[in-house]
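Protein chains in written order, with this note's numbering: chain B, 332 to 512; chain R, 947 to 1741; chain G, 348 to 607.
Incorrect hints may have been included.
Derived DSSO-like pairs (lysine-lysine); straight-line CA-CA distance at most 27 Å [to be verified]: (1) R:Lys1560 with R:Lys1031; (2) R:Lys964 with R:Lys1138; (3) R:Lys1363 with B:Lys368; (4) B:Lys396 with R:Lys1458; (5) G:Lys531 with R:Lys968; (6) R:Lys1047 with R:Lys1458; (7) B:Lys431 with R:Lys1307; (8) B:Lys373 with R:Lys1458; (9) R:Lys964 with G:Lys531; (10) R:Lys1307 with B:Lys432; (11) B:Lys432 with B:Lys396; (12) B:Lys396 with R:Lys1363; (13) R:Lys1138 with G:Lys531; (14) R:Lys1122 with R:Lys1101.
Because the hints were derived from the structure by calculation, they are not lab data.
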Amino acid sequence: MLAELLLKWPLIRQLRDRADGTGPESMTGRTLELAPKNEGAKSARSICPYCGVGCGQLVYHRGGKVVSIEGDPESPVSRGHLCPKGAASYELVTHPGRAKKVRYRAPFAREWVDLPLEQAMEMVAERVWETRARTFDRTHNHTTGMAHLGGATLDNEENYLIKKLFTGGLGMVCISNQARI
Amino acid sequence: MAENHPVAFQWVIEAREKNGAKVIHVDPRFNRTSAMADYWLPLRAGSDIVFLGAMINYVLANQREFREYVVRYTNAATILREDFKDTEDLGGLFSGFDGRKYDPESWLYQGAESKHVPKTGGGHGKDRGGEAQDVHQPIRDETLQHPRCVFQVLKRHFARYTPEMVERNCGIPREKFLQIADIFTSASGREKTGAICYAVGWTQHSSGVQTIRSACILQLLLGNIGRPGGGILALRGHASIQGSTDIPTLYDILPGYLPMPTYEEKDLRNYIQKHKSPKGWWYNLDKYIVSLLKAYYGDAAVENNDFGFQWLPRLTGDHSHFGYWTDMKDGKLEGLFVMGQNPAVGAPNARFEREALARLKWLVVRDMVETETATFWRDDFEPSEVGTEVFFFPAASHVEKAGTFTNTQRLLQWREKAVEPPGDCRSETEFVVRLGRMLKARATDDPRDAGLRALTWSYADDDNDQVLREIHGWHIGGEPLRHFGELKNDGSTACGCWIYSGVYDGENKALKREPHGRYGHGWGYAWPLDRRILYNRASAAPDGSPWSERKKLVWWDEAKGEWCGDDVPDFTRGKRPDYKGDEDRGGDEALPGDAPFIMHPDGAGWLWVPSGLKDGPLPAHYEPLESNLENELYPQQKTNPVANRMERPDNPYAASPDERFPYILTTYRLTEHHTAGGMSRTLSHLAELQPALFAEISPELAKEIEVGNGEWITISTARGSIQARALVTQRMPSLDVQGRRVHQVGMPYHFGRNGLVTGDIVNDLLAISEEPNVKIFESKALTCNVTKSDIWPGV
Amino acid sequence: MAITGFLTDSTLCIGCKACEVACKEWNEVPSDGFVFTALSYDNTAALGHSTWRHVKFVEREPHAGHGGNSPSHVTWEFSSDVCKHCENAGCLEACPTGSIVRTEFGGVYVQPDVCNGCGYCVVTCPFGVVDRRPDDGRAFKCTFCYDRQKFGEQPACAKACPTSSILFGDLEQLQQLADQRIAKLHGEGMTDAKLYDARDTSVGGTHAMFVIRGDERAYNLPPNPEVPTVHLRKAWTSAAVAAGVIALTTLAAFAMERRS
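Turn these sequences into a full structure, and let the hints guide you.
Structure representation (structure tokens):
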């Protein structure tokens, strides 16, 4: 036991290996066992969420948590490279400032309060329904009493559903997104 | 491009390093792109059409056009009507101006039938086919000598766009311009091509669409469309901004650039009659709208109820962002959804935008952080005076949901889901699907609710795969389509977006990750039909052989009797190059085998736009809506006559000229930040790279206002004042324009009040305005003043 | 095991700072503070305990008609600086705890579990790279992504770099590539292009080389970096001479006393 410990002592190791104490003989257990943090993690093939170039990303995850996000070397668009924004994607999805709770601000209130997701959804549905009933123009089969903004950061499928429900179902015509910005 | 699309810029670097490509950068400031360019030309913000017009003039005056391409593939030879009058004849106006808007009748080709002009519209509906042209055979003079042929009209129109005008109006020395014009126009002909890349520096102007049109004319003259290494690439700024135009969350179009119906289009027959084109690809419009209605309304959409066409709402005016936002400001809107956008910082006259939010009854914001749009009520206002009820829903990130983005090259790429979203975070799909269920449950027998009742909505909570299948389409009661070629107008097919049809023919091609060849086929799916370069029939000569070995892309294979090559041909495969076109058959079959621009009824690339634009068939230079300079091209017409200033007390303009605001202000993005900052000011690793708002000014201007580098300055426009740090740099040069020294001020617009780093909101300085065609605002050229700040924030 | 290196080519660098961010994301390096410097677009200012890749911005006067890349007018250059991983590494030689080691790839690695924050390495680095973190006192610098290299992965900065201005690979091959690159740049009229690798100094060459134009001092690179230990022989000689003199004097003093 003592001998084993002594053998691990860098000075002994240096003497035995005739090394100068600046190489592997001075490495600690942590250093010797060092491995990339995404080693053995699963990877999902993804696309950068920032600009319109569409660089490939590999999202490494383990146990339901994202471990790291890197460029996808196979992408013919980006060949594994990312810009500073794309390279910051790991922080984007994990940073502490990310909102994770539904928040509600009542008319004239000074602060947010938390609201259960289900309740908030019900309240929004009710607001939409009331506004639509109040503002529906039967001649033009539409409402200009409520509007939607946004879409360029969303998925195609999400834009499809928004347009289908809001325009095709509810008769909303005031629909716009960043394509004008 | 290096500044805002760094990873795409690797291809420019590679072209420069491996092929000796010359990189020319035209920009008021010397930025990271200029640093990598061979040539940089600083120009006065707002003078792009003078520059591009002079390039066009240079081509025409020096016979630099790719003659065979121009004669055979563009409408250069087409004869125009006698009653057309150019800006040359009418002091800066085209014929048809009634003092408020244009009647474009006289812009049609000689012999074309009269068209009715839609009362509403504008926006992306310009792409619709049916509005543009009819079945007649244009009259052509292929010698290009007829005085009323497009080529000759073009020559006369651009003759005044001289190198001297460039020197006086853009601030680019004449000899520098001539040098660059020579270099760029040499990228033409059988062996060479040149590309133009642009971003919102070109579009966010009161003549934004016409700037892009100028580039189109230039590239068509040089034969640079539909060919490898050619083209015009819009560098778009969001992950799926292309997708959100294709499958629009926009007011004036339906998926696949089908126009939204107006009140005049009483029934489906009216709609189809108006928009279906007798010749060219838009002949198929009826199949696409009927299949979309089948996707929306399912079994309830049948022939004798017009497939539910009457359930679609009708447009009655300008329902664009700025159209409805002014209504909001005037208290005419009750509710608003904002998803993944931050208008409190990102929209022009942002103070106006925030004040409008305070007039709403309710507001729903969905984002990954509490943006300034979500917290407007406590940022600018005494909360107890704001009656808006605000719901904030945290959104799932791109790794917490599966789905497709469409990149700036029309490439659909599917993202796999990596992890579950945390806490209350949900995808927009889940939010909208569940909201839809709740609302459908409320639907009554009232006719108002008929469309909502009919709307098919059997979606799982969070399954974009299912939605993408609907976008792709199927045969009713059966198999998925192969592609949009199978769509029918009889209700036997359903398809959510015809241009995307082909992406899921049993296999999700957006998820394909096996790239091969130099165009990346096998990786993702480029609409339409995985074509990587649009109009690529033009990469071959009229006889079907490649223009040159070096620039070959697709060609006619006589042995196989079809088009083939390195890309999917953007042409009917079996249509011979010598096919004459059959007028009686209509549609694509009416177009001959040497007409590459299949979306147009005449199959030609449009040097001249006979229909579809609101501010003229050709580009003309007008000064920005705020300008201290003269319009030397057309002294009688200073600004775009049909741009909408939307001027009102809360959206005021400076006079033009206005000695209170002697400098030019232009805005932009930085590599280190993203748009309104919600995805970058919140991240420590990006925030530290650009932690403060600054204004770039020249040493000359700094001296004039006695400001040192890093000191606080106040920038003001007619809308208001903000503070920023001065970044004094020779990269933002002062220029000699119209015989005087012009100083330009450049500011990034990323900053706001929330996040790790904060700063004043630059867009508070902008005015809301609408370009006539797509209703984009002018952010790239306006007038301002800059002074040294008396009070230094936080010091 | 291959000896590896970085070749950072400032003539290909677009100054995007992806290397800075990719490094920090992978190595979980905290931000370096939100300080606006007004020094061009450079707000991280220098390499330090929390900036292991640093893009320097060198601004000069632009000329209309000449892009920044033109041979005659250099306007705005960017160069991504990093630990040089010296052949004769001052930090490694000075480290009294054995915290700093040379890896099998030739890189110089600070073992955070050994470092006690003595700071000897900070003052002995000829390039001012190594830096102590104020909160825990330990020294930090570029790890050469030793964890990634061990598993055949390239360092995070080189992988991210959009224009491949940071190349990573076999050191000898990179040296050849660098020579070819310099020759090409010279051929294109950029006769001021040169390689900076400190080969002819006491540092004895580096594992991080740089293609630059003009004076290296503009890029924060010392023209003649010195490993402090080159002075050791002289120091020891002086010490020995001094000791000898003292000994002799002492002996002489005793001798004198006896005599008297």
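Each hint, compared with the structure:
no., hint, in the structure
1, R:Lys1560 with R:Lys1031, "16 Å, holds"
2, R:Lys964 with R:Lys1138, "15 Å, holds"
3, R:Lys1363 with B:Lys368, "20 Å, holds"
4, B:Lys396 with R:Lys1458, "25 Å, holds"
5, G:Lys531 with R:Lys968, "16 Å, holds"
6, R:Lys1047 with R:Lys1458, "48 Å, violated"
7, B:Lys431 with R:Lys1307, "25 Å, holds"
8, B:Lys373 with R:Lys1458, "19 Å, holds"
9, R:Lys964 with G:Lys531, "11 Å, holds"
10, R:Lys1307 with B:Lys432, "22 Å, holds"
11, B:Lys432 with B:Lys396, "19 Å, holds"
12, B:Lys396 with R:Lys1363, "12 Å, holds"
13, R:Lys1138 with G:Lys531, "24 Å, holds"
14, R:Lys1122 with R:Lys1101, "23 Å, holds"
Comparing the model with each earlier hint shows a violation of hint 6 alone; every other hint is respected.
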